[in-house]
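Enquirer: Build the complex: two chains, separate frames, hints provided.
First to last, the sequence lines map onto chains A and B. Position 84, counted from 1, in the first sequence is what my numbering calls 84; the numbers after and before it change by one each time, with no gaps. Position 96, counted from 1, in the second sequence is what my numbering calls 96; the numbers after and before it change by one each time, with no gaps.
Hints were generated in silico from the structure; no laboratory data involved. Among the clues, some could well be false.
Said to hold, decoys possible - Coverage of chain A stretches by chain B, computed from C-beta distances (three or more under 8 Å per stretch; other residues unrestricted): (1) 60–69; (2) 180–189.
Stated by the list, open to error - Here are the computed distance ranges between Cβ atoms for each label pair: (3) G92(B) to Q22(A): 35 to 41 Å; (4) E90(B) to Q22(A): 35 to 41 Å; (5) L126(A) to A171(B): 57 to 63 Å; (6) A53(A) to L110(B): 42 to 48 Å; (7) V127(B) to L126(A): 16 to 22 Å; (8) G138(B) to P316(A): 36 to 42 Å; (9) H37(A) to M152(B): 32 to 38 Å.
Glycine is no exception: its CB is placed at the ideal position from the N, C-alpha and C atoms.
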Amino acid sequence: MSTSRSEGCTLTGALSVTTGVQDAVTIIHGPAGCAHHNVSLFFSLLHEQDIGAIPAIRCTDLRESEVIFGGELVLEALVEETVREGWKSVFVLSTCVVDTIGDDVAAVCSREYGVPVCYIPTSGFLGGVFQTGYENALLALSSFSCRAAPDGTVTLIGEKNLEYEVEENFYEISRLMSALGARIGLRYVRNIGTDRLADLGSGSLNILRDRSIDTVGKKFRELFGTPYIEALPEGFVQTCEFLEKTGELLGKNPESAVDAEIRLQKRMIARFRDFAGRQVCFCGIPGVVRNSPAIEEIIQTFDLSCDEDGIYLEVPDPFPVGTAGMSRLLHRWRRTVRADK
Amino acid sequence: MKQIALYGKGGIGKSTTSANLSAALSDQGLDILQIGCDPKRDSTRMLMNGRLIPTVMDLVRERGDRNISIEDVVFRGYGGVRCVEAGGPEPGVGCAGRGIIATFQILEKLGALQADVVLYDVLGDVVCGGFAMPMREGYAQEVYLVTSGELMSLYAANNICKAIARLSTRARSRCRLAGVICNAKNMPREKELVEEFAERINSRMIQFIPRDRIVQVSELNKKTVIEFASDSAQAEAYRNLARKVMENTRLDIPTPLEIEDLESLAYEYIKE
Numbered sequence: 001m002s003t004s005r006s007e008g009c010t011l012t013g014a015l016s017v018t019t020g021v022q023d024a025v026t027i028i029h030g031p032a033g034c035a036h037h038n039v040s041l042f043f044s045l046l047h048e049q050d051i052g053a054i055p056a057i058r059c060t061d062l063r064e065s066e067v068i069f070g071g072e073l074v075l076e077a078l079v080e081e082t083v084r085e086g087w088k089s090v091f092v093l094s095t096c097v098v099d100t101i102g103d104d105v106a107a108v109c110s111r112e113y114g115v116p117v118c119y120i121p122t123s124g125f126l127g128g129v130f131q132t133g134y135e136n137a138l139l140a141l142s143s144f145s146c147r148a149a150p151d152g153t154v155t156l157i158g159e160k161n162l163e164y165e166v167e168e169n170f171y172e173i174s175r176l177m178s179a180l181g182a183r184i185g186l187r188y189v190r191n192i193g194t195d196r197l198a199d200l201g202s203g204s205l206n207i208l209r210d211r212s213i214d215t216v217g218k219k220f221r222e223l224f225g226t227p228y229i230e231a232l233p234e235g236f237v238q239t240c241e242f243l244e245k246t247g248e249l250l251g252k253n254p255e256s257a258v259d260a261e262i263r264l265q266k267r268m269i270a271r272f273r274d275f276a277g278r279q280v281c282f283c284g285i286p287g288v289v290r291n292s293p294a295i296e297e298i299i300q301t302f303d304l305s306c307d308e309d310g311i312y313l314e315v316p317d318p319f320p321v322g323t324a325g326m327s328r329l330l331h332r333w334r335r336t337v338r339a340d341k
Numbered sequence: 001m002k003q004i005a006l007y008g009k010g011g012i013g014k015s016t017t018s019a020n021l022s023a024a025l026s027d028q029g030l031d032i033l034q035i036g037c038d039p040k041r042d043s044t045r046m047l048m049n050g051r052l053i054p055t056v057m058d059l060v061r062e063r064g065d066r067n068i069s070i071e072d073v074v075f076r077g078y079g080g081v082r083c084v085e086a087g088g089p090e091p092g093v094g095c096a097g098r099g100i101i102a103t104f105q106i107l108e109k110l111g112a113l114q115a116d117v118v119l120y121d122v123l124g125d126v127v128c129g130g131f132a133m134p135m136r137e138g139y140a141q142e143v144y145l146v147t148s149g150e151l152m153s154l155y156a157a158n159n160i161c162k163a164i165a166r167l168s169t170r171a172r173s174r175c176r177l178a179g180v181i182c183n184a185k186n187m188p189r190e191k192e193l194v195e196e197f198a199e200r201i202n203s204r205m206i207q208f209i210p211r212d213r214i215v216q217v218s219e220l221n222k223k224t225v226i227e228f229a230s231d232s233a234q235a236e237a238y239r240n241l242a243r244k245v246m247e248n249t250r251l252d253i254p255t256p257l258e259i260e261d262l263e264s265l266a267y268e269y270i271k272e
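Chain B extracted, bound-state conformation (with noise of 0.2 Å):
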């Protein structure tokens, strides 16, 4: 079983890129569960045609966490991917990084974590504990940082390099950087800087995935790539994206930049 996790500034695409992988790899033949951490909860939409799934979360809430079953949470999506929302609470009151805690904890306790590849989509950054749940106690060992050239969503990879490396030198941690991925916003050197940002944090990139409208056409038909555009040359780099993931061994302790560092790498890709 390969249990990996997407982390990346908020609004860079980690619930896209993640739908596509996990249809890329249904098509390949895998049993997939992909995990949304996000009170958001719409990691998996695409993947539902548009659905919005009820969250454990939401059971919780209504039902409390005795009388909940596997078939209240897990959901079959595009290609018989398995689709949960971790969900979490209002905008503005309680504790959303304790309901990933609790929402772990329920999965667990329902033998929900079992499939050839179990994809976790986290919320923006790690912001607290709770986020940096599916890098702890054993969940993903494979951490997939996406970002584009932008400064702000390098930061943000950066700070989560930080959560990686902090973490991997606990004892019984097996958390360890998987690679980058590039959603791009075609930016002129893009690529190189992002490859670059990849060596320096050492690791390395392990797709490109340019910009394309069909992203946002599939969006708006509530499908991913992979389902409305199969053909098309996205699709194909989603599928690359899951083949590399599918043959991947190479995961690394990550060394964080400093911030000046950082900044006078992107300034270096941007000034011109």
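So here's chain A without its partners, still in its complex pose (with noise of 0.2 Å):
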């Protein structure tokens, strides 16, 4: 039986998401096992991040009385004092239980709490997978936008908060927009408050995570004009392509940005002079490996011979992004091939 994170439940996905507005407060509609078993997978991921506040999750720990006469009022309850303990906004999640016996999410939703309470559509792995709730959880929280006019920055789509080197990442894109002399502006959605989420709409560009967001980013072109690009890049050239499409979509000339990357580039390779000619064996996610032109790239540059003899090194999932994800690879490989002597 596969466990690929792909194939877990809407709630983690849409958590993913929620949980990275901090003012907020999510609640998991459903019986408290769903809860526990997000909560304990949150606090194990978020504390390797060095992450040790677990996220506001609450749960409306539905039971056998529930299930018999529906959840709809315990659900209103705990918005209701969610609320009054000053959050700034709620995002709901509703369980395989709930869509089971037909609680109406979205209507206990719809009334008036004060705070924006926001219905994700989720219901558990009934409802789809972590992509489902990931992709949901998105397009959900546009609800807070407003629209306005492009005010130059770019916008970063769906930023994985459960991943490693979430950070190392956004500073990379961070590093090449202040290349082409442009800034993100809006981490949609990591560490930002509620008020925050108003802003979508104001990028000039938005930038997913990756291609598998693609319906997030047509949705958001659609709903705001925003043109996007698929996703951040991996390794060499596809940093400096990114490089050239990001300056052409927000008008800027990306020519000097390029010259410099490369140049970069050329600098960071003779630095992993000793890494070249070694026989290694890639191993990892088999699809990660072979469709991955980054670990191509690495070959051709370092003249590296591939068989089941070589020395195993780990291609990590998500691949590490831009120039400098490629140089903490290298540095991990580099120590892994010595470490072999």
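Expert: Below, the structure written as structure tokens:
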């Protein structure tokens, strides 16, 4: 049985977005087990990012009685209690159980509570998988946005708050934007307050975390007229292409930024000269290893020979972003190669 | 102890038949427990002289399931028949099927499921696993189908056969079809049609109950026919049913009909 993250529950996918709003609470409308599973998962994954705090997640703790008589009143009571605590917004996720018994979660959320209460269509596993919840949450949170004229900034869409090196990847994209004379105005959705969700339509360009949320990019283009770049770059060539395309869409000449980046990449490659000519064997998720142009670039650049007898080098998923990502990866691999001696 | 369940299309007269059957059985000196398994909660009303008793689910809603005693949920009606209503959520919310399962768990825990005859009167059709509960876990071992000669009523009865056939394949299942009760609409050749239907599904029609105004009159007086018009022919029909139920030892795994066969069967009798 596969245990790929993409086959996880919609709740985890949606939570990976909603917990990025720091002054909001997310309510899981369902049995305590659904919340427990996710809180445990978040605790361990965030701990690996050196984040000790558990996100604000509440649960309606549905039991037999609510299953029989319906759980809408319990949800309403918890939303009211949460609002009284002073949170700036509330996100509500539904589980398999409430979808099975037919609670009208959207109707409960549409009542007036004094702060925005946003229903994210999830329905646990019945509603789909991790990816469905992640996309639905990104789309649902756009209901907070206000129409505004583009302000020249870039919006980063769909950073995966649970993956490794989120901040490292963000710094790399920030660096690349600076090289073009641009800046990231909004991280949608990471470490922001509810008020910032209104700015979703203000950016001049959206950059998606990866191609899996292409429908989100299209929807935001339709809603706000914002063009988008499909994914963060992986490898040397993609990073330069990313600079070119971003510059073009922002109306900035990318030539000098690209030249500077190529020089930076050459200097970096020179630092890893001792890595060249090795006999290696890349391992990791087969699709990632096989289809990665960045791996192919590394093989060519460093004249590596690949076979099963080579030193095992683990290819991370997701692949690190940009030139800095390549540098971190080569550092790691060089350590492995040296340790093998 | 005999445990029987009456299933059939909504509005076909299951509760009327159940209440009169319970009343007739109690007249034989038997200890009877009738459990209404329908959120409408009106199975035992005539046995209780028109009173709608509190349901198990009402009590769970008010107190939770820990503070319920046997006296809270079991009420004595005509002839000492002990009456229970499962109840359920308000229409349009929650899960009534789960309510039936919870009711059975509570009654089991209270030790309430003891009697010479336990009679389960179940909502119109087996709409989900919850309403199949009386057939599962060794509760009702004898299922009676209540039907008239109308096609939709036979169709519902045939569907219930599918549930019995499915459940009877399970290793520990003791649920079987015990017979068909024809609660007539006074259609021409209705008795023959239901008799043939019963044979075709590998069972038999155990009792023909004619349509009689006395049933409505008794109900308007908030009594069963057995109580209100004890000397009537209709009461005798219910007493016959009670005798046959107690003597019945024939239990079958039904063979549901294909819809085309069922329609052809009904057509043969109804066309004239």
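Enquirer: Hints first: check each against the structure and report whether it holds.
Expert: Against the structure, the hints come out as follows:
{"no.": "1", "hint": "60–69", "in the structure": "holds (count 6)"}
{"no.": "2", "hint": "180–189", "in the structure": "violated (count 0)"}
{"no.": "3", "hint": "G92(B) to Q22(A): 35 to 41 Å", "in the structure": "holds, 38 Å"}
{"no.": "4", "hint": "E90(B) to Q22(A): 35 to 41 Å", "in the structure": "holds, 39 Å"}
{"no.": "5", "hint": "L126(A) to A171(B): 57 to 63 Å", "in the structure": "violated, 30 Å"}
{"no.": "6", "hint": "A53(A) to L110(B): 42 to 48 Å", "in the structure": "holds, 47 Å"}
{"no.": "7", "hint": "V127(B) to L126(A): 16 to 22 Å", "in the structure": "holds, 19 Å"}
{"no.": "8", "hint": "G138(B) to P316(A): 36 to 42 Å", "in the structure": "violated, 56 Å"}
{"no.": "9", "hint": "H37(A) to M152(B): 32 to 38 Å", "in the structure": "violated, 46 Å"}
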